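A.B. asks: Sequence:
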Amino acid sequence: MSSDKITIGLYSLQTDKSPGFNDRFLGEVANIKAMKERFTHEANVAGRRPPIFVISMLLIPPHGDYNRSTNPGYEENQSKMLESMRSALDKEGLSDIKLESFYEKPISAEERSYLQGLSARGSCADMIKTHAIISEDNSNRRHLQIDSNTQIHDYRGFYNATFASESAQDKIAGASLNASYYDEHYVSAHNKVVYTVPNSRLAVALRETHLQYCDAHKDDSPSSKEKTEKNSVYSKDFTVGLSEVGLTRRLVIPGDEGERVIYPADMRRPEYDLSRYVVTAVNKSWDIKSKPKPPTEKMLEQIRIPIGDTLCDFASFGIAVKKHTGELYEHYYASGWDETRAEHAENMAREELMHLSNLALDKAIIARFYDEVRNSNISAAPIDGVQVTKEMMLQELANHFPDDMRGNELVRGLFGCSVRELQTDPMRPSLGAYNDFEEARSREKHQELTNIMRRVEQKSQMRLTSVDSHYLHVQQAAIAHEMRTASDKTVIAKQRNLKDNITTIRRNADISKPDYTTMNTHDLEVLRDHYKEKASSPGITNTKKKEFSLEFQHIRAELSNRGDRKPGFGHF
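Its first residue numbered 15, the sequence shown is counted upward by one per residue in this note's numbering.
In case anyone wonders, no lab produced these hints; they're calculated from the structure. None of the values given here were measured: they were computed from a predicted structure. Keep in mind that a hint or two might mislead.
Quick list of in silico lysine-lysine cross-link-like pairs, BS3-like style, CA-CA up to 25 Å [claimed, not checked]:
no. : residue 1 : residue 2
1   : 250       : 232
2   : 473       : 513
3   : 546       : 558
4   : 546       : 459
5   : 459       : 47
6   : 105       : 94
7   : 459       : 513
8   : 560       : 548
9   : 336       : 312
10  : 119       : 244
11  : 119       : 232
12  : 559       : 548
13  : 244       : 307
If you anchor each label on the Cβ, the simulated ranges turn out as follows [as the list claims (entries may be wrong)]:
no. : residue 1 : residue 2 : range
14  : 273       : 423       : 29 to 37 Å
15  : 389       : 86        : 51 to 59 Å
16  : 93        : 368       : 43 to 51 Å
17  : 574       : 275       : 55 to 63 Å
18  : 257       : 517       : 20 to 28 Å
19  : 86        : 290       : 43 to 51 Å
20  : 163       : 31        : 23 to 31 Å
21  : 87        : 309       : 33 to 41 Å
We put the beta carbon where it would ideally sit given N, CA and C, even for glycine.
Required output: the full structure, derived from the provided sequences and hints.
C.D. replies: Now the structure itself:
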């Protein structure tokens, strides 16, 4: 089977000023580097090959004009954009990440035609995401489409629920994703994170819906809603495709200005299990020309708090409060309903949302962010002529809680007072709900180590190749690294047992030599570097040194036969 793969989509706007594009995307390199390091580490701990990383970029021209005759500078500006990103990646040691132009890659005729005249930035971003999910190149592999700014608070849990999991194959849609409280009154499926297994039913259904949508609107005027609305591809294409496999429900809502069709997530489906591992804040990275914000909000947006494996922000705080207190009545909308039915419907939807959420995480984000502001020393320069104080920031946070039944229930649990009391005295400290979250994480680490131990023991019954042996060695090193930073004595004891088991398996394994001509390039490169390192290791005998050097030369020759490869490009 092909290697695991992660695709990240980015875009930029073509400009008439040097360098010919908006370079805001370069700010995502740090996120991509951190994400790659974490996924690589979790793959090593799990004993799997790390996923290949691909960045697919699109330069959006003014009015969606990709025509060479009317936009002759497009190709040159696109090349400059890619070169700029390539340079930034290489500078951070990420030369093995493949970089591609979305417009130049072999996308379908329907997609290419629909792109012409498409100016909505959000829909352009969604075109990249949707194509990554439905691509034939990704149909026979474990694939993750993910935004670069995704906040994963538990990488191990996320990795074990995706690449290291076998249960995703058993899900009806052959996929995992998350749901976000994005809209005002209902929870929607999110295309920020979509994991698919080989021959995923979701990918098949979405491919058909997506190509039909692009074909139906490819000739629409550049001024039409289908080409200018930021969420058209998401709301009229992606969510419709999900309904074909039962992941969303089609609801028609009447209104004064006509009917409105929405596709809320069916949160009873197990495919939404990734919601437990990510912070479902909506970071509108495509919204380059965002609306002006008040000085207090600008100040709050500068604050970050550590939660698990990620840093959370003001948007994370807001969505966590909204999840527990917002209205969800549109989930079960029906004309002619009464108040009793409305209340019942909202309670059902919230119960589903809470079931797939990590409640300890939500409360930890709210409490820790509030306490971070309360305990900080605010000494920033005036923002837009306003000197923002700690009291102003806390008042803004306290005002996020509605003074109703749900708002008061949440605030009493987190602060031991009512919403009105908190808003009157916003300097109150929280009750420290993040301690519960940390205790829960410790319990989960124990279970995850047990699962890894089980998979390692299964390998003791298998005939291993030298590649398998190499990845066991990498797994052992990754676990040893974790042992040096762990503080929980029982976790360290489990890690030590796991490390010793791997040593025993490698010592007793009957290692078979692989046929290098049949191996994929990624594994060959890993093995080449492995033998190069072994051949230069201190303390080995001359016989072993010659053996390792010979294998290194054989692999290098095979790679040479496959042709020269540019950094970041090549066989999968």
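A.B. asks: Next step is simple, just say for each hint if it's right about the structure.
C.D. replies: Structure-based check of all given hints:
1. 250 - 232: OK: residue 250 and residue 232 at ~14 Å, within 25 Å.
2. 473 - 513: 14 Å, holds
3. 546 - 558: Roughly 12 Å separates the two Cα atoms, so the pair holds.
4. 546 - 459: 34 Å, violated
5. 459 - 47: 24 Å, holds
6. 105 - 94: 16 Å, holds
7. 459 - 513: Given pair residue 459, residue 513 holds - Cα atoms ~16 Å apart, limit 25 Å.
8. 560 - 548: 10 Å, holds
9. 336 - 312: 20 Å, holds
10. 119 - 244: The hint holds at about 23 Å.
11. 119 - 232: Holds, at roughly 18 Å.
12. 559 - 548: 8 Å, holds
13. 244 - 307: Roughly 20 Å between the alpha carbons, so the hint for residue 244 and residue 307 holds.
14. 273 - 423: 29 to 37 Å: Cβ of residue 273 to Cβ of residue 423: about 35 Å, so the range 29 to 37 Å holds.
15. 389 - 86: 51 to 59 Å: Holds, at about 56 Å.
16. 93 - 368: 43 to 51 Å: 49 Å, holds
17. 574 - 275: 55 to 63 Å: 57 Å, holds
18. 257 - 517: 20 to 28 Å: Taking Cβ atoms as reference, residue 257 and residue 517 lie about 51 Å apart, which means the hint is violated.
19. 86 - 290: 43 to 51 Å: 50 Å, holds
20. 163 - 31: 23 to 31 Å: 26 Å, holds
21. 87 - 309: 33 to 41 Å: Since residue 87 and residue 309 have Cβ atoms about 39 Å apart, the given range 33 to 41 Å holds.
Of the numbered hints stated above, those contradicted by the structure are hints 4 and 18, listed in ascending order.
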